[in-house]
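If you want the building blocks of each chain, they are given just below.
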Amino acid sequence: MNIEITASGKPFVHNHSAHCESGVTSALFRDQGLDISEALVFGIGSGIFFGHLFFVKMVGLPITTFRSQPGAVFRKAGKRLGVKFVTKRFRNPQKGMAELRQLLKQGQIVGLTTNIYWLSYFPNRFRFQFNGHNLIALREIEGGFRVSDPVLEHPVDCLAEDLERARFSHGPLEPHGLMYYPSFVPQNPDIKKACIKGMKDTCNMMLRTHIPIFGVRGIRFLAKRIKNSPQKLGFHEACRHLGNIVRMQEEIGTGGAGFRFMYAAFLQEAGELFQSDELKQLSQEMTAIGDIWREFAVVSARIIKQRGKTEDTFDKVYDILMECAAREEALFRKLNEVVRKLKV
Amino acid sequence: MKVNEVPQDDVPDYSEGIKKGNYALDDQGKYVMVPSKGWDVDELTNRLAFNEYKAKVEETRKAVLEGKKSPLAYYMELRQMIPKFLGKTAGIATFRVKRHLRPEIFAKLKESVLDSYAKALEITKEELKTVPHNSQER
Chain A
6 MNIEITASGK
16 PFVHNHSAHC
26 ESGVTSALFR
36 DQGLDISEAL
46 VFGIGSGIFF
56 GHLFFVKMVG
66 LPITTFRSQP
76 GAVFRKAGKR
86 LGVKFVTKRF
96 RNPQKGMAEL
106 RQLLKQGQIV
116 GLTTNIYWLS
126 YFPNRFRFQF
136 NGHNLIALRE
146 IEGGFRVSDP
156 VLEHPVDCLA
166 EDLERARFSH
176 GPLEPHGLMY
186 YPSFVPQNPD
196 IKKACIKGMK
206 DTCNMMLRTH
216 IPIFGVRGIR
226 FLAKRIKNSP
236 QKLGFHEACR
246 HLGNIVRMQE
256 EIGTGGAGFR
266 FMYAAFLQEA
276 GELFQSDELK
286 QLSQEMTAIG
296 DIWREFAVVS
306 ARIIKQRGKT
316 EDTFDKVYDI
326 LMECAAREEA
336 LFRKLNEVVR
346 KLKV
Chain B
8 MKVNEVPQDD
18 VPDYSEGIKK
28 GNYALDDQGK
38 YVMVPSKGWD
48 VDELTNRLAF
58 NEYKAKVEET
68 RKAVLEGKKS
78 PLAYYMELRQ
88 MIPKFLGKTA
98 GIATFRVKRH
108 LRPEIFAKLK
118 ESVLDSYAKA
128 LEITKEELKT
138 VPHNSQER
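Residue numbers (the numbering used here), protein chains in the order written: chain A, 6 to 349; chain B, 8 to 145.
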């Protein structure tokens, strides 16, 4: 167990999480007395998603996202659970840091959105310009802050300059010093109702979006692009793009397969909550889909490593992704039916 | 993914001991959190991106030593930035940043401009005027 004492003298339990934002959200709620798991927060906040943003470039490569936009999980989960919360952005870094110090002094722990490049407690090879990493500031210490970064196993120290840079970095999806914390958390919220809302929203986002780069259509869109990429970009460049997709999936914010497994964990928990066998079955199906995503990563890695000398080709990657899309579509359609039958 | 399927590959120079949380099914079919030491696939794609980044930095460093680019270009690459975002961080217009990547223009810059670049790139002003003679990390 990792217990830290916050400025208010309250113990704070640091839990190792799979995803930064859902981890931060569940820890913030837990700190205020609402015991809720990371997976539940992830499901209620509709954290699962897919999008291939071919026009947003990070180091010259398009962004593929397997989760909803940063900040959405906290906002949605908070709203659906009846939590009153404060979110704040700043223009002036000094003001942003002063306000953070002020809040910490009052004993409030604060969620922050940061750029992972400037957080020096990460190993060098993890550090890249990405403006969507979430962590919790626990209290001020000499020269810095004690922070609980949910993707790490233990709380760490962070230098004040580092944190300031990380909060006010520039680039795609600028955080503008975003900080958030709940001001009121209900002790007995209607978790079932919140779960239903979250699931419905997820189904809508994955199935009913009109923009073909998001949701299940987005997976198919990406599959087609990958299939055509060797002709379009040349083999080497296509490998670079493929490598980047796998990197986005597995490394950045624990990745696509990771999110699928987390959603399966949510469906399992929801299944127990509602006493619904159908949800439990869907959880198993989601696990199977997560395994296919992992296979996609393994096959892609083999292609990149062996430079086309095996039978693994871009066509095979296409087939795997199309299977992912088909099975996810079936799953969310089923979930859409099941969720409407659930009783609050 | 079952608990025993969570990858535990040894990739010490990549993860540096940091363990990633993974959701996996235990024997009873319940989801539990399992810390993972690392995964080769993960490491491979990261290495690909990291080597590309290092090669780019090294290439820029050589170009600076040959007098084709200004040291600013090197530090911009080192910080994984592009002129647009470096300009935003330093409070200097993008087109000016692009001009400053040329050595002859960079040499004539005012101290105050150098100051804001140094601050944005988290280096000292003296460092900004030259590049290291041997390749280095970060």
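It is worth saying that the hints were derived from the structure and are not from the lab. Each hint should be verified, as a subset may be incorrect.
[Stated by the list, open to error] FRET-style restraints, in silico, Cβ to Cβ:
#, chain 1, residue 1, chain 2, residue 2, range
1, B, GLU73, A, LYS15, 40 to 50 Å
2, B, THR101, A, LEU58, 19 to 29 Å
3, B, ASP34, A, VAL91, 48 to 58 Å
4, A, ASN129, B, PHE102, 28 to 38 Å
[Stated by the list, open to error] To give an idea of the chain A side of the interface with chain B (calculated C-beta under 10 Å), a few residues:
#, residue
5, ASN20
6, PHE189
7, PRO191
8, ASN193
9, GLY248
10, ILE250
11, ARG252
12, MET267
13, GLU290
14, VAL303
15, LYS310
For every residue, glycine included, the Cβ atom is placed at its ideal position computed from N, Cα and C.
Report task. Could you tell me which of the numbered hints above are not met by this structure, giving the numbers in increasing order? Result -> 1, 3, 6, 7, 8 and 13
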